[in-house]
Amino acid sequence: MIRGIVRAFDERLGTARMTREVLNKVFPDHWSFLLGEVILYCFIILVATGVYLTLFFDASQQEVLYAGSYVPLQGVQMSRAYASALDITFSVRSGLVVRQVHHWAALLFAASMVTHLLRTFFTAAFRKPRELNWAVGVTLLMLAMVNGFTGYSLVDDQLSGTGLRIGYSIVLSIPFVGPWLSSLLLGGEFPGADIISRLFVLHVMIVPSIITLLLVVHMVILVRQKHTQFPGRGRREGNIIGLRLWPTYAMKAVGVFFLTGAVLALMGGLIQINPIWMFGPFRAADVSSASQPDWYVGWLEGALRLMPAWELRASPFEVPNPFYPSLVLAGGVFLVLYAWPWMEARLTRDHEIHHLLDRPSERPVRTPIGLAAISFFAVLFVAGGDDVIAVWLDMSVNTMVRILQLLAIVLPIVVFLVSRSAIRLRLRKQQEKAEPFCPRVGHSRWEARTLAALVLVFVWFTVTSLSSPSPHVLPETWTAKANAGMSGAQMYEAACAQCHGQNLEGVFGPAIGAGTDSEDMSDTLIQAVVFAGIGKMPPMPGVLTEIQVQEVIAFIRQLQGIG
Amino acid sequence: MQGIRFRRRHISRAGVSLLVVVLLFVAFPSLATDEDAPEQGTDAEESEHFEPIVPRNDLSIGGELYRSECSACHAATGIGGTLSFRDNAPPLKGFSALELAAAIRGGPGEMPFFGPDSISDKELEQIVTYSLYLQNPEDLGGAPIGRVGPVMEGLVAWAVGMSAIVLGLMWIGDRRA
Numbered sequence: 001m002i003r004g005i006v007r008a009f010d011e012r013l014g015t016a017r018m019t020r021e022v023l024n025k026v027f028p029d030h031w032s033f034l035l036g037e038v039i040l041y042c043f044i045i046l047v048a049t050g051v052y053l054t055l056f057f058d059a060s061q062q063e064v065l066y067a068g069s070y071v072p073l074q075g076v077q078m079s080r081a082y083a084s085a086l087d088i089t090f091s092v093r094s095g096l097v098v099r100q101v102h103h104w105a106a107l108l109f110a111a112s113m114v115t116h117l118l119r120t121f122f123t124a125a126f127r128k129p130r131e132l133n134w135a136v137g138v139t140l141l142m143l144a145m146v147n148g149f150t151g152y153s154l155v156d157d158q159l160s161g162t163g164l165r166i167g168y169s170i171v172l173s174i175p176f177v178g179p180w181l182s183s184l185l186l187g188g189e190f191p192g193a194d195i196i197s198r199l200f201v202l203h204v205m206i207v208p209s210i211i212t213l214l215l216v217v218h219m220v221i222l223v224r225q226k227h228t229q230f231p232g233r234g235r236r237e238g239n240i241i242g243l244r245l246w247p248t249y250a251m252k253a254v255g256v257f258f259l260t261g262a263v264l265a266l267m268g269g270l271i272q273i274n275p276i277w278m279f280g281p282f283r284a285a286d287v288s289s290a291s292q293p294d295w296y297v298g299w300l301e302g303a304l305r306l307m308p309a310w311e312l313r314a315s316p317f318e319v320p321n322p323f324y325p326s327l328v329l330a331g332g333v334f335l336v337l338y339a340w341p342w343m344e345a346r347l348t349r350d351h352e353i354h355h356l357l358d359r360p361s362e363r364p365v366r367t368p369i370g371l372a373a374i375s376f377f378a379v380l381f382v383a384g385g386d387d388v389i390a391v392w393l394d395m396s397v398n399t400m401v402r403i404l405q406l407l408a409i410v411l412p413i414v415v416f417l418v419s420r421s422a423i424r425l426r427l428r429k430q431q432e433k434a435e436p437f438c439p440r441v442g443h444s445r446w447e448a449r450t451l452a453a454l455v456l457v458f459v460w461f462t463v464t465s466l467s468s469p470s471p472h473v474l475p476e477t478w479t480a481k482a483n484a485g486m487s488g489a490q491m492y493e494a495a496c497a498q499c500h501g502q503n504l505e506g507v508f509g510p511a512i513g514a515g516t517d518s519e520d521m522s523d524t525l526i527q528a529v530v531f532a533g534i535g536k537m538p539p540m541p542g543v544l545t546e547i548q549v550q551e552v553i554a555f556i557r558q559l560q561g562i563g
Numbered sequence: 001m002q003g004i005r006f007r008r009r010h011i012s013r014a015g016v017s018l019l020v021v022v023l024l025f026v027a028f029p030s031l032a033t034d035e036d037a038p039e040q041g042t043d044a045e046e047s048e049h050f051e052p053i054v055p056r057n058d059l060s061i062g063g064e065l066y067r068s069e070c071s072a073c074h075a076a077t078g079i080g081g082t083l084s085f086r087d088n089a090p091p092l093k094g095f096s097a098l099e100l101a102a103a104i105r106g107g108p109g110e111m112p113f114f115g116p117d118s119i120s121d122k123e124l125e126q127i128v129t130y131s132l133y134l135q136n137p138e139d140l141g142g143a144p145i146g147r148v149g150p151v152m153e154g155l156v157a158w159a160v161g162m163s164a165i166v167l168g169l170m171w172i173g174d175r176r177a
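These protein sequence lines are chains A and B, in that order. Going by my numbering, the first sequence opens with residue 1, and the numbers climb by one from there. Going by my numbering, the second sequence opens with residue 1, and the numbers climb by one from there.
Chain A with its partners taken away, still in its complex shape (with noise of 0.2 angstroms):
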């Protein structure tokens, strides 16, 4: 009976060749060809974990008020779709467990797709003929990231709406459209009423569709052009050695997707993410200090952070400022990606059809260029997350920017160049090796040593300037460096007679002389008082430096008699 199943869809379709090709198709063994794999289970655990919540998500904006079981909001009045999260959190069973599983599957989806697409871009994998399916990679990985950002933004707590706003102002920055395209997309101005239920649409649907579609022709280009493989024995251009689909490679696959499905739902049960609980309802007022988006977009967050304040204007027009960290970056980044491969064989003049994979130890240009993108985006990565990292370092946050900023250009310059030497070095030792008579040029172990003392350089100047200022300086602005060389009395003169009087009787301020509170208040609490400002007095930090207000009390408390 089954045989004759079989043979009448045979004789009509021509299954059985087609089957027969698939399963004989040969895949190389090499673990990193894995990675690509490891995409498509985060995907389909994705859809799997995603359609479930789809079934107790409400993405309206309505606002209620919360009567579910946590009773630190009860009765605290939130939009339907941060409650009915909170209703998947605490009510629906396993939903806690799905929303988590659902949450590292998509931080693990764009973590694998960067491997896969460092794995291919070290080993020259996107060369002729496979730089479309590279774009296609390209396009999917920008894909993640929106559909990322679209998830982040749609519970609708404190944080994600903190993340929205981000990008409102973003959008915000484009010259000329700017304002129209936000309240185009949010159908008014922030936060609107629409933005939940648009960004719904696009997370569920729209875009989920575009990344299956183009993982689909993903598939497809790689069934057609057959896969890399490293040079080695027997290996050519024009074989591929390694395992048949069935049964050894289908049997790998399988393993792939449980090892995901395991490293994936023990995440899930066992570390919180996103406990969004604890953020409350979104509040346009409020913003919650260690605000951040998920990794794959905190590459931007840094940029915006590091970039230094300048009005850029392209006169007439001004070009607001975060316009460049944001959409100029990332535009130029994917524009870098896109065009790579086509770039490298134009540079390289090398048009010729590769099968055969570049070894990264071995491409003394290419591999240099990769760990210096990957500095850089590490920097951005710090920098995105800087005031959490100054707490842990117990570092001034702004000092921090500042190394942050000079790092973001030194160091993929010094990466760039001492794995570029290293890798020479490697090749000449190796051409050694092979010809051990040839004549050599020592510059490259001088280029080493040269690069080695600019390292070192910097680690002393990142070190002294961590260490050198005292816990509680505060920076010496330009009105603190004008102050230099008055006396405590001049600069009481200048800056508090104002309003205290010439003999702190009080004009504007209250009366600070003997036998006030004044008198009683510690030289710390004066010095707080000056630097943070109270009522009506202003803040001054930057207006004087700590030793000049310990000059400035001093003066004081000689007017007091004390001193």
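No wet-lab data here; the hints were simulated from the structure. Note that beta-carbon positions come from the ideal geometry of N, C-alpha and C, so glycine has one too. Hints may contain errors.
[What the hints assert, rightly or not] Among chain B residues calculated to face chain A with C-beta under 10 angstroms, some are:
no.	residue
1	59
2	68
3	73
4	88
5	91
6	98
7	105
8	133
9	142
10	143
11	144
12	146
13	155
14	166
15	174
16	176
Start from chain A and add chain B according to the hints.
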């Protein structure tokens, strides 16, 4: 031939007019939603007057106050945060109710003080209640990894998740290149 051509044109005209009508409804939703308008009105009225099913409690009022007054420095999860130039808003962990209340009223260091005019005694009590809750909050979903948000989550995604997957792949696949 003539007849067929005529019929084709006839059909396409009908199709075009249908398309125009559909487009009109898509482009001007007001045409289609006129009937719904009064219904929406009652909805809005309801949401203004409806009674809370569960009233607010001290914890939820305190939470709202905490998020609007305190979370900008101490973070929504109470883990503290950085201020400019190495000043930190400390985490709430380890402070007693009295210390928390004193800090709110007195404003130590860089912290502003909140007098009875801005925060009443009752509200003070509610904020302190919520702050104490944040010292040991409901921790669903596993290890809280510091409650610092996406920075830590991204770190864990790479250091734990991606590393585990790569190690697994090296186990499944071939390590010799």
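How the hints compare with the structure:
1. 59: With Cβ-Cβ at 4 angstroms, under 10 angstroms, it holds.
2. 68: Holds, about 5 angstroms.
3. 73: 6 angstroms, holds
4. 88: 6 angstroms, holds
5. 91: At 9 angstroms from the nearest chain A Cβ, residue 91(B) passes the 10 angstroms test, so the hint holds.
6. 98: Violated - the Cβ of residue 98(B) stays beyond 10 angstroms from chain A, reaching only about 20 angstroms at its closest.
7. 105: 14 angstroms, violated
8. 133: Check passed: Cβ of residue 133(B) comes within 6 angstroms of chain A, closer than 10 angstroms.
9. 142: This hint holds: residue 142(B) lies near chain A, its Cβ roughly 4 angstroms from the closest one there, short of 10 angstroms.
10. 143: 5 angstroms, holds
11. 144: Where the cut-off is 10 angstroms and the nearest Cβ of chain A is about 5 angstroms from residue 144(B), the hint holds.
12. 146: 9 angstroms, holds
13. 155: Interface hint status for residue 155(B): holds (8 angstroms vs cutoff 10 angstroms).
14. 166: 7 angstroms, holds
15. 174: 4 angstroms, holds
16. 176: 8 angstroms, holds
Of the numbered hints stated above, those contradicted by the structure are hints 6 and 7, listed in ascending order.
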